[in-house]
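Enquirer: Turn these sequences into a full structure, and let the hints steer you where they fit.
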Amino acid sequence: MPVSDPPDILVAVDLVGIFVFAISGALVAVRRGFDLFGALVMAGTTGLGGGFLRDVLIDATPPAALADWRYLVVPLLAGLLTFAFHPAVGRLERVVDVFDAFGLSLFCVTGALKAVEFGLGPVPAALMGMVTGIGGGMVRDLLANRPPVVFNGTLYATPALVGATVAVLLDRVSLSLGLVVLAASGVCLVLRLLAMVLDWRAPLPHGPANV
Amino acid sequence: MPVSDPPDILVAVDLVGIFVFAISGALVAVRRGFDLFGALVMAGTTGLGGGFLRDVLIDATPPAALADWRYLVVPLLAGLLTFAFHPAVGRLERVVDVFDAFGLSLFCVTGALKAVEFGLGPVPAALMGMVTGIGGGMVRDLLANRPPVVFNGTLYATPALVGATVAVLLDRVSLSLGLVVLAASGVCLVLRLLAMVLDWRAPLPHGPANV
Amino acid sequence: MPVSDPPDILVAVDLVGIFVFAISGALVAVRRGFDLFGALVMAGTTGLGGGFLRDVLIDATPPAALADWRYLVVPLLAGLLTFAFHPAVGRLERVVDVFDAFGLSLFCVTGALKAVEFGLGPVPAALMGMVTGIGGGMVRDLLANRPPVVFNGTLYATPALVGATVAVLLDRVSLSLGLVVLAASGVCLVLRLLAMVLDWRAPLPHGPANV
Chain A
5 MPVSDPPDIL
15 VAVDLVGIFV
25 FAISGALVAV
35 RRGFDLFGAL
45 VMAGTTGLGG
55 GFLRDVLIDA
65 TPPAALADWR
75 YLVVPLLAGL
85 LTFAFHPAVG
95 RLERVVDVFD
105 AFGLSLFCVT
115 GALKAVEFGL
125 GPVPAALMGM
135 VTGIGGGMVR
145 DLLANRPPVV
155 FNGTLYATPA
165 LVGATVAVLL
175 DRVSLSLGLV
185 VLAASGVCLV
195 LRLLAMVLDW
205 RAPLPHGPAN
215 V
Chain B
5 MPVSDPPDIL
15 VAVDLVGIFV
25 FAISGALVAV
35 RRGFDLFGAL
45 VMAGTTGLGG
55 GFLRDVLIDA
65 TPPAALADWR
75 YLVVPLLAGL
85 LTFAFHPAVG
95 RLERVVDVFD
105 AFGLSLFCVT
115 GALKAVEFGL
125 GPVPAALMGM
135 VTGIGGGMVR
145 DLLANRPPVV
155 FNGTLYATPA
165 LVGATVAVLL
175 DRVSLSLGLV
185 VLAASGVCLV
195 LRLLAMVLDW
205 RAPLPHGPAN
215 V
Chain C
5 MPVSDPPDIL
15 VAVDLVGIFV
25 FAISGALVAV
35 RRGFDLFGAL
45 VMAGTTGLGG
55 GFLRDVLIDA
65 TPPAALADWR
75 YLVVPLLAGL
85 LTFAFHPAVG
95 RLERVVDVFD
105 AFGLSLFCVT
115 GALKAVEFGL
125 GPVPAALMGM
135 VTGIGGGMVR
145 DLLANRPPVV
155 FNGTLYATPA
165 LVGATVAVLL
175 DRVSLSLGLV
185 VLAASGVCLV
195 LRLLAMVLDW
205 RAPLPHGPAN
215 V
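Protein chains in written order, with our numbering: chain A, 5 to 215; chain B, 5 to 215; chain C, 5 to 215.
Just so you know, these hints were derived from the structure itself, not from any lab.
No experiment lies behind these values; they were computed from the predicted model shown.
All the pointers check out, no bait thrown in.
Each pair of labels, with its calculated beta carbon distance range:
id	chain 1	residue 1	chain 2	residue 2	range
1	B	G123	C	L81	23 to 31 Å
2	B	D203	C	V127	47 to 55 Å
3	B	D203	A	R98	52 to 60 Å
4	C	D203	A	G182	50 to 58 Å
5	A	L96	C	G182	45 to 53 Å
Yeah, the Cβ is synthetic: ideal placement off N, Cα and C, and Gly gets one too.
Expert: This is how it looks when you write it as structure tokens:
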């Protein structure tokens, strides 16, 4: 079940995910007072960073984003729009968060399936799926010189890991690619949206940390 | 002298090193107030990050840790235990530091030998050994948003570089793998423990830095 | 037009660029109070980091710097000199900035040409050229725990991108390697020096960022 030449519909959804992730990177850049170039780099690394990390680790280099111009144009466009209209984009942040959940859901699934295709076992493949989903945001936070937002108690990585795991498992029972992606990313999406609406939190350390 | 299929005893000691490194990563996470997921990621990146960096640079991808489930379970376990019992683990930090010295000693040697096996010359191979030993802690500090602890005057990287160099040199005179590992990691371990006990310090810049 | 075995003159200029970049890394290390080891690592990662990033992304691993001892000795030397004589080096910073412009100009061009050689299309190859030029400084800033200086409004990345683009375009009309490098890095150099002298700035976000 090769996913290296994915159907057009998958590419389209993938690009939407990259677009939304890129907006979140560019917003952080604007809020830090970075210049236009910084906003574009933050857009690019947030949109593509998770896939880059995965591709370097599973030896699928050069990453797909360096072989297909659409993967470069989309974050560029997101960065430019966010830089120009950041007050409006900032006000839409709640909407952006919902799209972000879509991006996360698709990235964790396509990332896991690509890792399977490159020969990884089920557990590492699921991990790579999660890395694909959350890696871009982590690179964004590194560049913005702050601790990863994904560590702050938001339930964000767990839905990605669950979605990636479902994808790996369903892929083994040889469903069609479309069904696997739909079901697995659906699981991640529902979990993530529920976590947002019900404010589910990941456990924080209890008691004082004696330093 | 292939080290890609290392004897069970080496794997066991390797896993102990990863376990201890992972504890140090999870402790930093707890002290920063990261959530459970953050503690697990910090455990994983600290325990496995040095090897990941080395494997990506010498093109030994996917890294060994993604092909052997034990390399994933061990940091996970270390992260869970540290998160649950962090006050106790924090009080044992001096003990953890001694185990950390063991981990460093083994990582710098196995890292250097793997780089030799992948065709690197003696100087880059020794460097890759050092990177294997200190890389995980550096990734941990990046994620914790602080400057690398290894730059603060502690004599930590130098023992790793010496141990890696000894390993590369002994490997050339075709000793048995066991002897090379024992002698080279012994040198690193003794240097590191002496540095801890006698508080040896790396030179700091003298005079005021005119900014 | 293979650039993997570049003529001696290119290697020499490349090493000068690495030397100057490494000085800038070691200066930041001294100003942060890092120890000697930290200064050497900061010198090495700043001098070689851009090329490492590029080589990992285009799958040209192990990076050239790990296969040629001169690429390791040069940043080491720069780090040692800067650590020992940092007050003097710090006073020369304006001169260092000019040499830095030379380094940037060469790196963006050789980086782009290497990416072309490894099969990347023109747009990603130009991007990889820019990454080669600015990547080392970004890794330096990550390790120094500060936001990338290249995002602060200085016109630095744009000349690199222009130079890399010119290199990719000229390379297509099959000029000789020497001419391509000379013309493309000349364009980058002039732009960067003009930006320094005339204090050209990249656009900053306008209006308050509503967080």
